[in-house]
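Novice: Here are the chains, one letter per residue:
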Amino acid sequence: MKKRGVGLANMWYGIGNTGLPNPASAYIELLDDGTVIVLTGCADIGQGSTTTLAQIAAEEMGVDIEDVRVVSADTGITPDAGATSASRQTYISGNAVKMAAKEAKTILVETAARMLEVDEDSLILEDRKIVVKNDKDKFVKIKECLGKCRAEGKLTLGHGWFNPDVTALNPEDGQGKPYATYAFATQVAEVEVNTETGEVKVLKIFAAHDVGKAINPINVEGQIEGGCMIGVGFALMEQVKVDKGNIKTPNLATYLIPTAMDTPEIYPIIVEDPEVTGPFGAKGVGEPALIPTAAAIVNAIYDAVGVRITDLPVTPEKLLKEIKKERN
Amino acid sequence: MNFEYYNPKSMEELLNVLDNLRNYYFLAGGTDIVVKMKDKIVSPQNIVDLNDVQELKGISSEEDHLNIGPLATHTEIEESDLVKKYAYVLAEAAAQVGSPQIRNIGTVGGNIGNASPAADTVPALLVLDTTVQIESKNHKEEKNLLDIFKGPGKTFLTEGQVITKLKVRSIKEGEGAAFVKMGKRKALAISVINCAVWLRVDKDEIVEVRIAFGSVAPTPIRLLEVEKWLKGQKAEDDVFKQAAQMAQDAIKPIDDIRSTAEYRSTTAASLVYQGLKTALQRAREEVGNE
Amino acid sequence: MNKKLIKFTLNDKEYKVEVEPQVLLVDLIREELGLTGTKVGCGEGECGACTVIMDGKTVNSCMVLAVTVDGKKITTIEGLAKGEELHPLQKSFVEEGAVQCGFCTPGMILSSKALLDENPNPTPEEIKKGLSGNLCRCTGYAKIVKAVEKASKELNK
Amino acid sequence: MSQLKVVGQNVKKKDVKEKVLGTAIFAADIKMDGMLYGKTLRSKVPHGIVKKINVSQALELPGVHAVLTEQDIPGVNKAGIIVKDEPVLVGIGQRIRKIGDPLAIVAAETEEIAEAALDLIEVEVEELPAVFSPLDAMKDDAPKLYEKGNIMAVRRIVKGDVAEAFKNCDVIVEQDYTTSMVEHAYIETEAGVAKMEGDVVNVWVCTQNPHYDRKDVAYNLNIGLNQARIIQTTTGGGFGGKLDVTVHVHVALLAKATKRPVKMVYSRRESISNTVKRHPFIMKYKTGCDKDGKLIAWQTEIIGDTGAYASYGPGTLTRAAVHATGPYEIPNVKVEAYTVYTNNPQAGAMRGFGVPQVAFAHESQMNLLAEKLGISPLEIRMKNAFIPGSITATGSKLEHSVGLKSTMESAKQAAEKVLGDKF
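So the sequence lines, in the order shown, correspond to chains A, B, C and D.
Taking the working numbering, I'd label the letters of the first sequence as residues 91 to 418.
Taking the working numbering, I'd label the letters of the second sequence as residues 88 to 377.
Taking the working numbering, I'd label the letters of the third sequence as residues 5 to 161.
Taking the working numbering, I'd label the letters of the fourth sequence as residues -15 to 407.
Source of the hints: derived by calculation from the structure; they are not laboratory data.
It should be emphasised that the depicted structure is a prediction, and the values quoted were computed from it without experimental measurement.
We treat Cβ as the ideally placed atom computed from N, Cα and C, and that holds for glycine.
Each hint can be trusted.
Over 12 Å on every C-beta distance to chain C, these chain D residues come out as not near it, computed from the model:
| # | residue |
| --- | --- |
| 1 | -13 |
| 2 | 103 |
| 3 | 133 |
| 4 | 149 |
| 5 | 150 |
| 6 | 156 |
| 7 | 207 |
| 8 | 208 |
| 9 | 242 |
| 10 | 243 |
| 11 | 381 |
| 12 | 396 |
These stretches of chain C come out as covered by chain B in the derived footprint (C-beta under 8 Å, 3 or more residues):
| # | stretch |
| --- | --- |
| 13 | 19 to 33 |
| 14 | 47 to 54 |
Here chain D is said to cover these stretches of chain C; the calculated rule only asks that three of the stretch's residues, wherever they fall, bring their Cβ under 8 Å from a Cβ of chain D:
| # | stretch |
| --- | --- |
| 15 | 72 to 83 |
| 16 | 104 to 115 |
| 17 | 131 to 145 |
For reference, chain A alone in the conformation it holds in the complex (with noise of 0.2 Å):
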C-alpha cells in the first residue's frame, strides 16, 4: 500500500566562520571607457559567486552587467577573499566588492561634482551615468567623467575588505557572538511511502529561505533545488560504508546520489528579509538550501506510517523493519 503524508523542518545558519575573522577583499578598478575590473579572492566552485559579485559592482557603479569582468581566485593577481565555504561569499566578499566599489567612485563623483556645479552628495550612478539625484536630466556621462579625471591625473581604484562583526566564543561556556548574520529556512515535504517494500518516494518540497536579498533569484533557486537535492540523498539513500577503515563504496555505483529520476517536484521560495549590514541586504544561501531538508522527509515519513527513523539515511530495508515492528 501507498501512503503519503507531509513534513517540516526549520533551520537557521549562521554566515561566515563560527567566531573567527574571516575578512574577505576585493579590488576594482575603473577603466577610461567606463569599464569595471573586479580583482577578487574569491573562488566561484559554480555556485555562482562571480556574477553575484559582478552584480554588486556594476549596481554600486552605476553600470551595465556587461560592463563588469571580475577576475577572480588567482593568488598571483588576486587578493585574499577566504573560503568559499560557510555560505559567506556573498555576504563577505559582495561587502568587500561593494566598499571597492564604493572607493572607486569616490574620485569620479567629486570630479562629477564639479562639471555639473553640484554637491556629490545630490549625485547618484546609474545607466553608466552620474546623474542628479532629484533632477535626472542632469547628468555627466561616466565615461565623460573619467576622461576628465584622466585629464587631471587621476586614477579611479578602489579597494574594500571587509570582516564579519563577531567575537570568539567564550571556552568554558560558548557565549559570544559568532556570527553577524543567520539565514533561516522552513522546508515542506511530501512523500509517500510503499509499506510493502519501505521504499520512499518524495514528492514535493516547498522550500522557504530567508536570504535577505536575492542578488541574483534563479541563482538563488538554483542553490535552492540543488541543495533540496542533496538533502534528499542524505535523507534517503546515501551512506559511505566502511569495514574497518575501508571505504566499500568506492565509486557511482556503490555510493549512490539522487539521479533525475529521483527528483521531486520543488518549489523555491524567497524570503527577503534585509540584513542591514550585508550588500543590498543580503546574506547568503548556499548551505541552508540542504540543510532542513532530511529533517523535513523524515518527519512526512512518520507522518505517512507513523514511523519515526532516527538514523539516516532512511533505507527501505531499515523502514520495512520499522514498519513491520509498528503493525506487529
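Knowing the structure of chain A, use the given hints to seat chains B, C and D on it.
Specialist: Chains B, C and D only, in chain A's frame:
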C-alpha cells in the same frame, strides 16, 4: 589493458577465430568488460569484437516465438514493436537496465554472458521460456536459458562457443506477464531484487505459470516448486498471497553491498504477488494491448 | 602494438586515425584530438559526463573502445554550436540557469539533444528518464528539465 | 534609496557560455609541453609505523622522472585546515593513521608508467591496533592516534541551568540520533597541474580556497608565499570537499623536482576513497517544554567522528554545537560537542557543516514534543521561533533580518496551495 583485438566480419570468420583462440573475452556493448579491464578485474589476452557479425543482430518473429539476436541492444529491445507486442515483459525489463547510455550499447547477449545474478533481462527471458542457440566451429546446439548459468559471472559456455540466437516464446492470448524491480534509486540502479512472472489462464484457472528471480541466488532462478503448486489453482488473490509466501520461503538470498537477505526475502513476496496480479490482469486483456 | 586504422566522422568532419585497440573513445577525443569538452567523471559509465552521441544514440565514451567507432558518426559538445551561434539547447541552458559548475553540462546537453532528436515533445517525466544517465550534483536537475522543455518549444517553432 | 538596476535581476552567469560550449578549462583539461603525470602511493593499512620505503626499482623504470618520499619535502610536511596534523607524505618511522595515507609520489611520462612505478615501490609497515568507532576511541584504553589522545576538541555551550530547568518541564522527550558518513560526489574529481616559472611554482587546481592552498604549498616547499601561485581552474563542484589540499602540494613537489609541468587527476575511486567526508554524528537529545509548548530546557551531546585527521572537524563540531538547538529561543541550554579521532577516513567540511545532522535531530525533537502536547508541528515552532530581539544559546542577540516566521508562513501557504490544508 593490453590485448589482441579481433573483429570478425561474419559468423564463419567468428567461429574460425574462436576455434583457434584461447583466453579471450567477447566484446558486445562493452559496458561490463571495458570497466572490468580498466579496474584490472580481468586482463584478457584477446578481445573478440562481435559487433561486425551481422548474423548476431536483429529481431524477427516466427509463429510461436521471437528470434532475438544476442547483439540486440536494450534500447532496440525496449523500442522494438515485435518485442512490445509479443514479449512486452522483456521490453519492460530492458527499459529498467542502467541508463539510456548503457541501454544504447549494452546487449541482451552481454547481459546473459556476464551471468550477473542481478541482470534485469534474464528473469524476463526465463519466464518466456527462452532457448539459446549456441554455436562453435563444428557444432550447434540449443539449451534452455536456465541451464547455462553456472554461478556469479560464470556460464557453462566453453571456449570456442558463442550464443548466436535467443528463441523467446511469444505471449499469446490468455497469457500475461510482468516484470517488477527494486533498486536503490529510480535510475542507474542495479537490482536489489527483481522478478518476472508469466502465466496462462483458462477462465479462472491457472493453466501454466513461470516465476523467475534475480539477485536472490548466485544465478537468476526459476521457482519451479511454486510454479508447480500454482498450476491448476484458481487465479485469485488468496492463491497469489499464498504463492508469494511460498516464494519468500523458497529463496535463500544473501547480504551484500546493495541490501540484506532479510529485506530481499520480505520484498520477494511482495514482488511475486504484484507480478502475479499484473500478469493476470494482462492475460485478461487482449494480446498486444501493452 | 598492433595499431588499427579507423575512419569516422566527428562533428561532421572526417577523421582517419591509427589507434591502439585498448584506447578508449574518450581518451581519443580528449587526448589525441584535443576536444576536452567531453569530461571524465567516473570512468565506469555511472555519471554520464563523458556522454557523446554515436550514430544518433548517446553512449558513455569512457566505456567504448575507440577501435569500435570505425565507420561511425560521433557528435561531441564542440559540434553543437554553429560558429558563434549557440544551439537552442545551449541557449536554454544558459537562460534557465541550468548550469552551475558546468562539469556535467556537456553530457547533459548531448543527452538532451539525443532525446529531442527522437522525441521532439517530451513530457517532464520523459526528460527525466532521458537524462537519468547523467548525474548532476549542483542543480537538483529542476532547471535542466526546464531548459530542455524550453529548447523543445524553440526547436518545434 | 533609488531603484536597483542590476541587483535582484536574473543576470546570466558570467562563465556560462564557455560551460555550454565545452570550452571551459577544468584542471584535467590542461595540457602542457613536456607535461608529466603524477600518481600517489597510499597506505593499505589503517594504523601503523612505516618501517621501510624503497623506491630504487621504481626510479629505474623507463619514463619515470621522479619518485618522492617524505625525505624529499623541503618544508614542514604538514597540511590541514584548522590543525596541521596531516602529513603530505608519511615517512620512515612515522605514523600511518588511515588507509590511503600518502607514502610516495611518482611523476612519469604517462599515467600508465606512473601507475606501474607505484607497484615497484617496496613498503614495510608495522601495523598497530586501530580504532574505528568514536565511542571506542574516547575510552582510556583505546589505541591512541595522537599522543594527547583521541579527543581532538570539546566545545561546550552553557546558558542558564538545564538540570534545574528540566525539573520544571511538563513534557520532556529524550532520543538518540545518528547520521551516516556522506560523500560530496562532485562530478569533477580532484585535479591539478603545477609548473615552475623561475622560482615561482604555479599550481592550476580546482579549489574552494586558493589563498589557503598557497600556504600549504609554500610551507611544504619551503618557499615564500609570494613564490607559490595558486590559480583556480573552472571547478566542477566543491560542497566543502575542495577546501582541503589534495593534489596541490604533491604536484608542486613533483614539478619542482622534475622541472617539468606535472598533472595529477584523481580517479573516482581515488577521490571517494581518500578525500574528506561529511562527519557521521552520534547525538543525544533531551528537550523539555511547559504545557503550552514553550521550550524551557535543552540538552544535547554530539560526538563527531573526524577520522584520522582534523581537517575542518573542530569547526564543524563547533558550528554543530552552536546550531544544536535549532532556531528557537530557550532559556536553559547545555551542549557538548566532541571531535574525535579514529582510524576511519577523515571527515571535513561538507555543505551544511554539521548543521544538517543537528537539524535532523532538533526538528525530530520538535515534532516529538508537539505530538506529546497534542499541538501541530507548526504551532510548536511558531511558539518558539527566533524573532528580532531573541537571545541565542551563545548569548547573542538577534537584531534584524530574522525571517523565520516569514519562511514558515511562506512555506505553509505554498504547500497549502498545492496540497490543501495539512497544518
